[in-house]
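Enquirer: Residues per chain, in single letters:
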Amino acid sequence: MHELAITQSMLDLVLKQAEEAGAREVGKINLVIGEMTGVVERCVQFYFDFISKGTPAEGAALSFTMVPTTARCQGCARHFELREFDWTCPYCQSDNMEIVAGKELFVESIEVE
Amino acid sequence: MKIKVVKDILDANEQLAQRNRQLFDSNKVFAVNLMSSPGAGKTSLILQTIKRLKGKTRLGVIEGDISSSLDAELIARENVPVVQINTGGECHLDANMTSSALGSLPLKDIELLLIENVGNLVCPAEFALGEHRKVLISSIPEGDDKPFKYPLMFHQADAVLINKIDLLPYLKFDTQAFSQTIKGINQKVEIFPISCTTGQGIEQWVSWLLSQMEKG
Numbered sequence: 083m084h085e086l087a088i089t090q091s092m093l094d095l096v097l098k099q100a101e102e103a104g105a106r107e108v109g110k111i112n113l114v115i116g117e118m119t120g121v122v123e124r125c126v127q128f129y130f131d132f133i134s135k136g137t138p139a140e141g142a143a144l145s146f147t148m149v150p151t152t153a154r155c156q157g158c159a160r161h162f163e164l165r166e167f168d169w170t171c172p173y174c175q176s177d178n179m180e181i182v183a184g185k186e187l188f189v190e191s192i193e194v195e
Numbered sequence: 005m006k007i008k009v010v011k012d013i014l015d016a017n018e019q020l021a022q023r024n025r026q027l028f029d030s031n032k033v034f035a036v037n038l039m040s041s042p043g044a045g046k047t048s049l050i051l052q053t054i055k056r057l058k059g060k061t062r063l064g065v066i067e068g069d070i071s072s073s074l075d076a077e078l079i080a081r082e083n084v085p086v087v088q089i090n091t092g093g094e095c096h097l098d099a100n101m102t103s104s105a106l107g108s109l110p111l112k113d114i115e116l117l118l119i120e121n122v123g124n125l126v127c128p129a130e131f132a133l134g135e136h137r138k139v140l141i142s143s144i145p146e147g148d149d150k151p152f153k154y155p156l157m158f159h160q161a162d163a164v165l166i167n168k169i170d171l172l173p174y175l176k177f178d179t180q181a182f183s184q185t186i187k188g189i190n191q192k193v194e195i196f197p198i199s200c201t202t203g204q205g206i207e208q209w210v211s212w213l214l215s216q217m218e219k220g
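If you read the protein sequences in the order shown, they are chains A and B. Heads up, this note's numbering is the position in the first sequence plus 82, with the first residue counted as 1. Heads up, this note's numbering is the position in the second sequence plus 4, with the first residue counted as 1.
Chain B on its own, in the form it takes in the complex (with noise of 0.2 Å):
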């Protein structure tokens, strides 16, 4: 007998991300799943962020790793609530791991929660954690081909952050026909050439969030 059954994969992680997504809106937390490739810079970004708005907007992070909390460590430093998620061999954050993170933050005093995902650009894209936007960030030494190489995850992002543009003297890297390339599969996505290292750039990305943050 034939069974006629047309059901998404990933509907359970589905259902467990809307069930966060209301969670983050009865609390009114904006959250923001930060992916990229290993060693491209989302730590950076997170302190980079937290130095901007401390202060201002009420920060909370969420820092997904296979192992170890050094990155969670480094943003208790700026007194801002932080846990971290220890997969264990997995290699994305899931709806259901969000979840349970969830219970450790204080989302009342949180108006703006980073989600670091691991450093993977194929597998977090398939799972939605109930965020608000998805931000990937790429960067110069990476080269700019990788948009044909993970196009599911360049078609998602509502941003594209392109870090690391202190070294372009150094690299090739086309920013212009990297950005095309993404534009022309996501006609919605904003992209900001940033440094974490110069600061360059990185107030761009910040009021761009604040307008999200608005819009919910």
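So that you can see chain A by itself, here it is in the shape it has in the complex (with noise of 0.2 Å):
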């Protein structure tokens, strides 16, 4: 449901770029999602196919890098993406970690005409 609320800033901020690059269209969004933010494509690109209507990212297409939750053992400082229901190292069994990766958020990149 967070979704709206994401989108509609992600427009904003795609909208602001191409504004400042003169651009007339935008004819695609470059995302990073980190899984961790629960953040769903399927809600994104029905929120934005509403929203963006009249602007000039109408009708643009939305590319989704998914990034998955990846840990850094802090037993034996190896990388691991986190299991559903089991959160400890496959190599040591550490169930001490960092998340290095997951939590990501952002627009990469637009192509614009």
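Zero decoy hints are in this set.
Derived coverage of chain A by chain B (criterion: at least 3 residues anywhere in the stretch with Cβ under 8 Å from a Cβ of chain B; other residues may be distant):
1. 99-105
2. 111-123
SDA-like, lysine to any residue: derived pairs with alpha carbons at most 20 Å apart:
3. B/Lys8 with A/Glu101
4. A/Lys135 with A/Arg106
5. B/Lys32 with B/Leu214
6. B/Lys11 with A/Leu187
7. B/Lys32 with B/Gln216
8. B/Lys153 with A/Glu186
9. B/Lys11 with A/Met148
10. B/Lys32 with B/His136
11. B/Lys58 with B/Thr202
12. B/Lys55 with B/Met217
13. B/Lys58 with B/Val84
14. A/Lys185 with B/Phe152
15. B/Lys192 with A/Asp177
16. A/Lys98 with A/Gly109
17. A/Lys110 with B/Lys11
18. B/Lys60 with B/Glu115
19. B/Lys60 with B/Met217
20. B/Lys187 with A/Val182
21. B/Lys58 with B/Glu82
22. A/Lys185 with B/Lys11
23. A/Lys98 with B/Val10
24. A/Lys98 with A/Ala87
25. B/Lys11 with A/Glu193
26. B/Lys11 with A/Ser145
27. B/Lys60 with B/Lys112
28. A/Lys98 with B/Lys11
29. A/Lys185 with B/Val126
One-sided and incomplete, this derived list gives chain B residues near chain A with beta-carbon spacing under 10 Å:
30. Met5
31. His96
32. Pro128
33. Phe152
34. Leu156
35. Gln160
No lab work stands behind these hints, which were simulated from the structure alone. Even glycine gets a Cβ: it sits at the ideal position worked out from N, Cα and C.
Please dock the two separately framed chains into a single complex, following the hints provided.
Expert: Laid out in structure tokens, this is it:
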């Protein structure tokens, strides 16, 4: 449900960048979204189609790069992806880790004309 | 033409949150963002905290709800300044809503501002309000698997309160495993088992809160 607010912020950001570049039209928006944010692609797309109507970003393609939640083990320093219901290091079974990826929520680039 | 952007989608909220933070700091207000699922005990915790700190610390409260002013009315009975924000459907508070509520609070007379977010374990995690600390309440009936389902919330919390521990004899909840799961991804977190019904653990929570206020 937070997708509406997030999509609105994303659209504002994209339109500002496009305007600064003197673009008439936004053709593509490349997004990077970490798994931990719980942001659902389908919802972003749905809201985007709706709120971008009548703006230079109307009809723009959304591209999602989803980043899995990744941790660095504090026992053996190796990196691993967090499994759904088992937060232990698959190499040394330590259950202490530092989250190093998965919180991303940014506009990587836009393609404009 | 491709334009490199690499900008946080919630940048605008972040900037507003920083403005709120400056306003808090210039008024010497310590702000706490209280988050939980619906019914975990945010309002009960605020009432318990008021009970312990009344006459010692000057409190203020922001109540965030999708609709109704039930919670604000409960707080107002304690003669604590309170503002109700009705988000009108939004599932979380954001920095802008918080900012508009701040205008209705006597900030100069408040040392500790408790901000009750909308009951939800997903959305509030993304939106900074300008708070000094994030506190998460997780209650026994919700089950001990919640960190796996809402990792961001548990990862960001400065403190996690395990509420309703008076129900432990009746429900299956492994407090130790729950605590280790959270600490595994969040080494800075403080965990307090509490009961807003019996008052157990509230003393420890309040003294932690006071120690955090001193640190700023």
